[in-house]
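**Q** Sequence:
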Amino acid sequence: MKISLIAALFFLGLGGWLLHLRIHPLDEPADYLPFISGVISVIALPVMFSRRGSVGYAYVINGMLAIIGIITMSHFSLAHLAANASFSNIILKSTFPYSVILLGKFMVGKCIFDLEFFPMEEGAARAGRFLRYPNMGWWFVHLAAMTAVYAAGNILWR
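Taking this note's numbering, the leading residue of the sequence shown gets 9, the next gets one more, and so forth.
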């Protein structure tokens, strides 16, 4: 099961990286961040997730890369939003589908982490610790905090 999930993580990362290389060729310095993120996602993360000692680090790196990607792609979509933006245009002609791919990649990493460290029983839920690592609340807090820092930086340093 773990090997299949690591393969899924690899292929999701490879697909996203190739998509970024097509959209953002390495012509400008701003295009280096997606390139480096792709290299980490395709090469480093599968290796780190395959070793028990580095699964926790891989989980955090994978999650942070997903958060950074979602924030920057959402900003790009909002900055280039057309005046006649309809619901279908927002869903289908923005970076929303790419953010969904990133969420899928994050969830595969979470599955690998949970499979490695937590029992597979239904009653094994970690109740009462939603905002603590490694639960989803921890990620929501980081998404909100990193979005606030990114927005403040964008507003203050234009």
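Any given hint could be a false lead.
[Unchecked claim] Label-pair ranges, simulated between beta-carbon atoms:
1) His88 / Trp146: 40 to 48 Å
2) Ser96 / Ser62: 36 to 44 Å
3) Val157 / Glu36: 35 to 43 Å
4) Met128 / Phe43: 33 to 41 Å
5) Ile76 / Leu100: 41 to 49 Å
6) Lys10 / Ser96: 19 to 27 Å
7) Val55 / Trp165: 15 to 23 Å
8) Ile163 / Met128: 41 to 49 Å
9) His88 / Asn143: 19 to 27 Å
10) Ala90 / Ala38: 37 to 45 Å
11) Arg137 / Leu34: 36 to 44 Å
12) Ala159 / Met9: 35 to 43 Å
Quick caveat, the hints were computed from the structure, so don't treat them as lab data.
Glycine residues also receive a C-beta, built at the ideal position from the N, C-alpha and C atoms.
**Q** Next, verify each hint and record whether it holds.
**A** Do the hints match the structure? See the list:
no.: 1; hint: His88 / Trp146: 40 to 48 Å; result: violated, 31 Å
no.: 2; hint: Ser96 / Ser62: 36 to 44 Å; result: holds, 42 Å
no.: 3; hint: Val157 / Glu36: 35 to 43 Å; result: violated, 23 Å
no.: 4; hint: Met128 / Phe43: 33 to 41 Å; result: holds, 37 Å
no.: 5; hint: Ile76 / Leu100: 41 to 49 Å; result: violated, 23 Å
no.: 6; hint: Lys10 / Ser96: 19 to 27 Å; result: violated, 38 Å
no.: 7; hint: Val55 / Trp165: 15 to 23 Å; result: violated, 36 Å
no.: 8; hint: Ile163 / Met128: 41 to 49 Å; result: holds, 45 Å
no.: 9; hint: His88 / Asn143: 19 to 27 Å; result: violated, 34 Å
no.: 10; hint: Ala90 / Ala38: 37 to 45 Å; result: violated, 23 Å
no.: 11; hint: Arg137 / Leu34: 36 to 44 Å; result: holds, 42 Å
no.: 12; hint: Ala159 / Met9: 35 to 43 Å; result: holds, 39 Å
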